[in-house]
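> Top to bottom, those sequences are chains A and S.
Numbering-wise, my numbering puts 162 at position 162 of the first sequence, and it's gapless, one number per residue.
Going from the second sequence to my numbering is simple: count from 1 and add 301.
In short, the hints are calculated from the structure, not lab data.
There's no promise every hint is true.
Stated by the list, open to error - Some chain S residues near chain A, calculated using beta-carbon distances under 10 Å:
| no. | residue |
| --- | --- |
| 1 | Ser327 |
| 2 | Tyr416 |
| 3 | Gly468 |
| 4 | Leu531 |
| 5 | Ser572 |
Idealized CB from N, CA, C, for every residue including glycine.
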Amino acid sequence: MIRNKRQTIAKNIFVYGMLAYPILQFVVFWFSKNITTITMAFKTVENGQEVFAGLTNFSELLSRFKTEKLFQISLKNSILNFILAFVISVPLYIIFSYYIFKKCFGSRTLQFMMMIPKIVSSIIMVLIFKRVVEDILPMLFYSVNPEFPNLLKDGRYAFWTQLVFNIWLSFSTNILIYPNAMNAISPEVIESARLDGVNMWQELWYIIIPHIFPTFSTFFITNCTTLFVSPASLVTFYYYDKCPPEAYNMGYYMMVTVMRNTGSRAMQCFASAGSLALTIITVPIAMTAKWALEKYGPKEE
Amino acid sequence: MNAEFKKSEKICIWIIFTVMGLLALSIMLPVFWAIYASFKGRLDYAFDPVSFPKKMMWENYVKIYEHLKVSVTTESGQKQVDFAGMFTNSVVYSSLESLMSVLMPGVLGYIVAMYRFKGREFIQGLNVFIMTIPIITSLAASLRVLKNFGIYDNMLLYVFTQNGAFGFNFLLFYGAFKGLSWTYAEAAFLDGAGHFKVMVKIMWPMMLPTFAMMFVLSFVSSWNTYETFLIYLPSFPNLFLGMYYYQNSASINYATPPEILAGLILVAIPSGILYASSQKLLRSRFIIGGIKG
Chain A
1 MIRNKRQTIA KNIFVYGMLA YPILQFVVFW FSKNITTITM AFKTVENGQE
51 VFAGLTNFSE LLSRFKTEKL FQISLKNSIL NFILAFVISV PLYIIFSYYI
101 FKKCFGSRTL QFMMMIPKIV SSIIMVLIFK RVVEDILPML FYSVNPEFPN
151 LLKDGRYAFW TQLVFNIWLS FSTNILIYPN AMNAISPEVI ESARLDGVNM
201 WQELWYIIIP HIFPTFSTFF ITNCTTLFVS PASLVTFYYY DKCPPEAYNM
251 GYYMMVTVMR NTGSRAMQCF ASAGSLALTI ITVPIAMTAK WALEKYGPKE
301 E
Chain S
302 MNAEFKKSEK ICIWIIFTVM GLLALSIMLP VFWAIYASFK GRLDYAFDPV
352 SFPKKMMWEN YVKIYEHLKV SVTTESGQKQ VDFAGMFTNS VVYSSLESLM
402 SVLMPGVLGY IVAMYRFKGR EFIQGLNVFI MTIPIITSLA ASLRVLKNFG
452 IYDNMLLYVF TQNGAFGFNF LLFYGAFKGL SWTYAEAAFL DGAGHFKVMV
502 KIMWPMMLPT FAMMFVLSFV SSWNTYETFL IYLPSFPNLF LGMYYYQNSA
552 SINYATPPEI LAGLILVAIP SGILYASSQK LLRSRFIIGG IKG
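Next up, chain A with everything else stripped away, as it sits in the complex (with noise of 0.2 Å):
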């Protein structure tokens, strides 16, 4: 009984003290970082001071919503940018990823050639396309278009260049996830099913991705959550001032009004109720997404 006691002693002592520091840095970091977000976006600055500003930030997001076009093409783009990436990439992970799944002719070494740009950093694969951009493209269509536009700078094409550039990048960590999902599927499951006459696209259908689909969906949620956040590889090729309006994104936008403004206090009071305005909008997004793929999403049986 005493031996049994002290047993438990020891086995909360262990527990909670290999927890203590985990959970110490989320609390202490994670709340003091969304709570200072949440207090900044109801300040702003008068005389040097931070002052309780009401709702001051957000009449000037909605404002500038209504009014301001660069706020509303970083909106518009977002969106675009999440939808066209996700109908355009999603069914090529798939479908790849059951190519080298199958262990099809060439499937490793294809493999191994996608996944170079998680190899090498995003800046060297953004100066490899600015310089074939800049380059070698207006090179090798002179003698069709000797005025050939600069298609990172010329705001009629530069989303759409920065829209394929992060969808030709997105190739090299889901080639790697999604085969390794298919893999836990039992052999003996997709060789009965081969037996019974099922052709390749009914085992893509019926077997493999209802296997794949807690990993696609927990992909597609956390995806949901970055939408407004994330600048993509803006920075990476603009730096913060020289990107065209057109092919801004919020993440961006948010980015450069903080970093253009690290010594305006008030900017950055607007910049966090703008975070807290985007995370009200992306809340019931990622929260129905969540529930539809949970709901309607295909299941294991």
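Given the coordinates of chain A, work out where chain S should sit on it, guided by the hints.
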């Protein structure tokens, strides 16, 4: 070609192969081009950026080693951090950061997966909450909190306090430990081992490939980052921040595109070697499950 496919399916497989092949080539060719273009001279590149170098300009690499410097403002005034200084910052930051990003979720994942205790469900729910509710933290608030705690521009404090235990890594470790039998631990307890010893000497070694895989991924990612240094650690520039500044001010310091390419290739070599040598590990261990709750 895999024998299990029917004739009609083989056509689809060849189409997929062609599309994947083109995509893979579109990634490989520019990287290959960047490598050989980094050996071109200024005029050689200006006249024809696509062709192979007429003369191998190894000087581009020497020049970048000598010229890559970042000016930082510290309490004691302005100072210049050279290539060796930035390399040291990269090594220290990447090693410690990777260690923390493996240890923190490793501990949490192990405890939550293997022990029953009050608050266990709460921790699991909290992880779902963090992963599904967007982080509202604004950059401005982050900067302010780090400055208030004295963590801003302090590399060691930053690494030890800013690596959380929750999120994807927790999910990964939790899933990995869940699949591990507790019998090994029970046998060790009977031999008189304590909980900590069981965790460190019995259970963790069995998960060594998962720990190693996470370490490699984290190391490559920390080595390649420049944003953290740009925003939170301006006095400790790493190699990529150095290259970021260098290429942004190329026109000011008369850097040619081949020199910039040489610099980027030079600073990417360590992480590239580490990543390429861990291919087998990554292919087998990187599995992430769902986030129900």
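> Does each hint hold? Answer for all of them.
Structure-based check of each hint:
1. With its C-beta approaching chain A no nearer than about 7 Å, S/Ser327 sits inside the 10 Å limit, and its interface hint holds.
2. A least Cβ separation of about 5 Å between S/Tyr416 and chain A falls short of the 10 Å threshold, and the interface hint therefore holds.
3. A cut of 10 Å between beta carbons decides the hint on S/Gly468: the least distance to chain A is about 9 Å, and the hint holds.
4. Of the supplied interface hints, the one on S/Leu531 holds, with its beta-carbon coming within about 8 Å of a beta-carbon of chain A, less than 10 Å.
5. Taken as an interface hint, S/Ser572 checks out: its beta carbon lies about 7 Å from the nearest beta carbon of chain A, inside 10 Å.
In summary, the structure agrees with every hint in the numbered list given earlier.
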